[in-house]
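Asks: The lines below spell out each chain.
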Amino acid sequence: MAKADVTQAEGDLHLERLTKQFGDFVAVHDLSLVVPQGSFFALLGPSGCGKTTTLRMVAGLEDPTAGTIRIGDTEITHQKPYRRPVNTVFQNYALFPHMTIYDNVAFGLKRRGVKDVKQQVADALDLIQLSQVAQRKPAQLSGGQQQRVALARAIVNRPAVLLLDEPLGALDLKLRRQMQLELKRIQTEVGLTFIHVTHDQEEAMTMADSVAVMNNGIIEQLGPPTELYESPQTVFVANFLGQSNLFQATVKETDGEEIVLEDPDGMFRMPKKRVAAGVDTSTGRKVLVGVRPEKISIGPLAEAAAAPTDGNYVDGVIENASFLGVSTQYQVRTEGGEHIDVFAQNLDVHGLLAHGAEVRLTWRPHHGFVLAPDQDIHAGVEVGAGVSG
Amino acid sequence: MAIAQAIGDTIEDQRTPPPDPKKRGRFTPYLLLLPGMLWLAIFFAVPLIFLFSTSLQTPVAGGEVGEFEQTFNFGNYVETLTDEYYYVPLFRSFIYSGIATVLALLIGYPLAYMIAFKSGRWRNLLLVMVIAPFFVSFLLRTIAWRQILADEGVVVGALRVIGLVGDTGGIYPSALAVITGLTYNFLPFMTLPIYASLERVDPRLIEAGRDLYAKPFTGFRKITWPLSMPGVVAGTLLTFIPAAGDYVNAELLGTGKNSMIGNRIQYEFFNVRDYPTMAVLSFVLMACILTIVLVYVRRVGSDDLV
Ligand SMILES: Nc1ncnc2c1ncn2[C@@H]1O[C@H](COP(=O)(O)OP(=O)(O)O)[C@@H](O)[C@H]1O
Ligand SMILES: [Mg+2]
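Those protein sequence lines, which keep their order, are chains A and B.
Going by the working numbering, the first residue of the first sequence is number 3, and it counts up by one from there.
Going by the working numbering, the first residue of the second sequence is number 71, and it counts up by one from there.
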C-alpha cells in the first residue's frame, strides 16, 4: 500500500467489511461498498438503519469495530478525523454559533494554514449565493441559509469525500426540492465525491448517480436509481422504493429463456433475466413475483376477453377507485384472492371504471420481477410510504 | 379612493385591539416589578443613602466614643484614602482576591470540564460533592484550614520533604494561607457557572471542529472555550466580588500583616466605632469593585459572547 500523506489522499472511497457494534447492538454489519471518485452517491434507508453511523466512521468520529476504509490506496480506518480529507455537512448543520458566517466557512482553511483564505471563502459564499451575509451570525439566518452555509463550510476545503447527513431533512418540502437541484448543481460544479444520506427515496433517486439501499445495518442493493427501481433484488427494496404488488407463485416449468409460474389466478411467464440473483427457479420451487402498479394496464373484462390477450393477465373486480387527476389508482381483488394496486394514466380510453366492475389486468412479462420467497412480503412498506414526499 | 379609504379605516379599526385589555397590559409589567423594586428600595437604596450620609459625619465635640453628628465633611474621604493604614489593605484585598480568582479558575475550569464531558454516570455525584462543603459552616471550614496548613500538618510536612518549605518555615499564618482559604471558599462559585455553560455546549460542535481539521486543543480554544465564556465571566465575578470584601479568611488564616479591607471595616465598626471611616471604606470598596467589574465585563464581554 502506498505510504502517501493521509491528508492528501484521493480516489474512490472503499468501505470493506465494515462493522460497528455498540455493546451487543450491531449498528452496521459487514458493509462493503465502493464510491467512485466524483460521483453523487446516496445512502438511502429508513431511520435507525445505520446510515449516520456509517458516515461517522468515514469521517473518523466513530471507530469501526471491524473492517477497513480506504480513499484510493490510502487506508484511513483509524486516522484522526482532523487528518482525513473528509468533511461533513451535519444533520443539524452544527454551525459555530459564536462565529460569523465568514469565520465558520474559513474555519477549516485556517486550521490547515491555507493561504488565500479570504478569496476561497468569498468563492464558497458565492457558490451558495450568500456573500451578503458573511458578517452575520448563524442565528440570524433562516434554516435554508444555514443549510447552505454548512455546505459551504465543508466544500471550501475541497475534501476527497464530502459527507452529507440528511442535509435537507429539516427544510420544508418546497425548499427541499429547490435545494436538491441546488446541491446537484454544486456537486456538478465542484466535481467532488458526495455521499448523501437520506431516508427520502425520491430525494435519493432524483439526485444520485448511484444509490445504496440500507436496512438494519446492511446494504440491500446498490446501483443506479433506475436499476433499483426496475429490478429490485429484495422485497425491502421493491417496497421502499416506490410501490410494488407482490404475490407468491410456484415455478411450473422452464421454457427456453422464460420460466412459467403458477398461482391461484392462473399461469404467467417471466423472462429468466428478471429473476433476482441467487433465486432458485427449478420446477416446483416457490418464488415471489412483483409488478409495479404503473406497469399494469386495466380494462373491462368483457372487452378484453373478446380479443386475444398479449402478455400476462389476471381477472378481478374493482374494490376501490381513486381519481387523482393525472392518474387513477385502482385496487383490484383477483379471482385468486390477491389484492393488486394499479395506477392507470388517464388517457380517457375507458373513462373511470366503477367500483365492482369486472376487469382484466395485463402486463408484459419483462415488467415483472422474481424475488426469493423467504422474505416478509411487507418489508419496507410503512417506512417507505411514511416518508416519501 | 373614498371607498378604499373607508375600507382601510375599517381594517385599521379591526387591527386596533379593544382599549381595555391593552391598558391593563400596559401596567402589568410594572405591577410585577413592584415587589422587586420595593425590595431593592428598602434593602439596598435606603441603606446606601444612610451609609453615604454616615460617611460624611463628624465626631461630636466632647462627645462619647461612637457619637457623631451629620455634616458634609468630604474631607473624610481624603483623610482615609491617604492613610497607609487603609489604602494598603485596600490594595491587598484586590491582589489577594485577584490571585484567588485566577487560582479558582485554574482549578474550577478543569473540574467543571471533567464533570460536564468526562464523568458519565458519576456526574450527579460529583456535582453534589462540589456543593457538599456548603453543608458545613463557612467559619468551621475556614478554621479547618488552620489544621490543614499547620506546621505539623500533612501539607507542610510534604512540602518540607520536597524542600519547598524550610525546616522551620510554615504556611499558616501567611498571605499564602489567606489566598488558599479564599480560593477554597469560593471555588464552588467558580465551578458551577462554568459547568452550567459547558454542559450546554453541543458536543456536535466539537465534532464539527474536529471534522474541520481542528486538533483537540485547537478545538477547545476555538469552540469550547469561547462558548463557555458566559460561565467564566459569571464564575470570576462570583468569586472576585465577595473575595475582595471578605475578612474571615484574613482574620483566621493570616496575621495583622495580611489584613484586607474587610478587616479594617469590621474593626472600625465594632472596635473603634468610627462609623464615618467605616462608611468611607465601604463606599470606596464598592466603587473600586464596580469599576473593576465594569472594565472586565466590557473587555471580555465585547469578545463574542454568545
Ligand atoms: N453511540 C451509540 N450508542 C448506542 N447505540 C447507537 C449509538 N449511535 C447509534 N446507535 C444505534 O445504532 C442504530 C443506527 O443509528 P444511526 O446510524 O444513527 O441510524 P440512521 O442514521 O440510519 O437513522 C440506531 O438503532 C441507534 O440507536
Ligand atoms: Mg441519521
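What the hints contain is simulated information worked out from the structure, not anything from laboratory work.
Check each hint, because a few of them may be wrong.
Stated by the list, open to error - With a cut-off of at most 20 Å between alpha-carbon atoms, the simulated EDC-like pairs for lysine to aspartate or glutamate come out as follows: (1) B/K188 to A/D65; (2) B/K188 to A/D267; (3) B/K285 to A/D7; (4) B/K327 to B/E137; (5) B/K285 to A/E260; (6) B/K188 to A/D317; (7) B/K285 to A/D267; (8) A/K288 to A/E321; (9) A/K139 to B/D272; (10) A/K297 to A/D257.
What the hints assert, rightly or not - Reference excerpt, derived from the structure (chain A facing chain B, CB under 10 Å, subset only): (11) F24; (12) R58; (13) H100.
We put the beta carbon where it would ideally sit given N, CA and C, even for glycine.
Asks: Taking the numbered hints from earlier one at a time, note which ones the structure violates and give those numbers from smallest to largest.
Replies: Result: hints 2, 4, 5, 6, 7, 8, 10 and 11 break, sorted rising.
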